[in-house]
Amino acid sequence: MAELTGVFATAHSPGLTGFPERVAQPKRDAVRAAFDEVARRIQDIGPDVIVAVSVEHFTNFFLANLPAFAIATGDRHLGPVTPEMGKFLGIAQRYYPGHRELGTHIYRYALAHDFDPALADGGFGFDENFCVPLELLRTGTTPIVPVVVNGVNPPYPTARRCYAFGRMLAAAITATDVADKVVVLATGGLSHWVGMPQAGTIDEEFDRDFLARLTDGDAARLTDYDDDRIEAAGNGAHEIRAWLVAAGAAGAGFETLAYEPTPEWLTGTAVAAACL
Amino acid sequence: MYSLHKLLWELRRDPVLAERFRANPSEVLAGYDLAPADSTAMMARDFRTLYERGANPYLLYFCALQIGVSRQDYYAQLRGE
Chain A
32 MAELTGVFAT AHSPGLTGFP ERVAQPKRDA VRAAFDEVAR RIQDIGPDVI VAVSVEHFTN
92 FFLANLPAFA IATGDRHLGP VTPEMGKFLG IAQRYYPGHR ELGTHIYRYA LAHDFDPALA
152 DGGFGFDENF CVPLELLRTG TTPIVPVVVN GVNPPYPTAR RCYAFGRMLA AAITATDVAD
212 KVVVLATGGL SHWVGMPQAG TIDEEFDRDF LARLTDGDAA RLTDYDDDRI EAAGNGAHEI
272 RAWLVAAGAA GAGFETLAYE PTPEWLTGTA VAAACL
Chain B
363 MYSLHKLLWE LRRDPVLAER FRANPSEVLA GYDLAPADST AMMARDFRTL YERGANPYLL
423 YFCALQIGVS RQDYYAQLRG E
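Chains as they are written, first to last, in the working numbering: chain A, 32 to 307; chain B, 363 to 443.
Take these hints with a grain of salt, some might be off.
[Stated by the list, open to error] Cross-link-like lysine to aspartate or glutamate pairs, in silico, DMTMM-like; alpha carbons within 25 Å at most:
hint, chain 1, residue 1, chain 2, residue 2
1, B, Lys368, A, Glu115
2, A, Lys118, B, Glu372
3, A, Lys118, B, Glu414
Hints are computed from structural coordinates only; laboratory data are not their basis.
Input sequences plus hints: build the corresponding full structure.
See the structure below:
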């Protein structure tokens, strides 16, 4: 049976790769060192597959059909989705290998266990959600199974449901032999505003409180968020829903490897690893 | 609001459509069933009004960039600067 060998969560701000120099040296180095630490840990694990959990910013889905959760089971995923976006992110466009067997298994397992994610069986593209962290983590040709959580248009899946999705994900991973070692990587957050007048504001109090709950790992505290509390930390703060999936998958507390409020990257930037 | 969102999304995804919009916005708008206030705001590239009318900020911001409004100008407009 497959083993869930690591659970990590990181920021995915375009600035991390597209315009890192805008953040002053000590902060930038602290964030970079945390990404390097996660990269090292993932390299030590040598996973067969990374299940990457994030929102997607209207790159694949639109309001004509906007899933609360989706699993991309395709053989490969294009990212960044356009050369233009690649230039903005400072990341060369390429195909990331998928893992059809594990993706399909998770999809089937979800349906059999009272979750009903959408299926994206091919043609799935990445934006900064996956390209930025995978670039910094140097995951190379490790296959990726993307899981999408709606964090871009209300209403959203609840914090409780995201956590429960993570529990289900961990159970699915340990119930198959199509892979040996699997890593879960959640990306996004923390507080930030996109396309809103407050862009560049950081809600450090929200961020630190969220990281404290994550460190603690107590499910009741982690899921004690309503939409208004999250929205008060910016429309981008809904990306913590991806982190809640990771928290559910881990079922354990996390250590914060870096937290920096970085208005220059428009986000509270955090990197964390579950203490499995 | 759906028609506006559809226009914002399609302008972002389709560079040819974005180019057509830059050259002749009314021709592109004729193909979408926008509320008159949304249509007027799109003609004027008045993103503040569209924001205040409840357009999704992601779709609004991405569309602005695609039709040649800089990030600085977009945010200055939203802040009433």
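Results for each hint:
| no. | hint | result |
| --- | --- | --- |
| 1 | B:Lys368 x A:Glu115 | holds (21 Å) |
| 2 | A:Lys118 x B:Glu372 | holds (21 Å) |
| 3 | A:Lys118 x B:Glu414 | violated (31 Å) |
In summary, the one numbered hint that this structure violates is 3.
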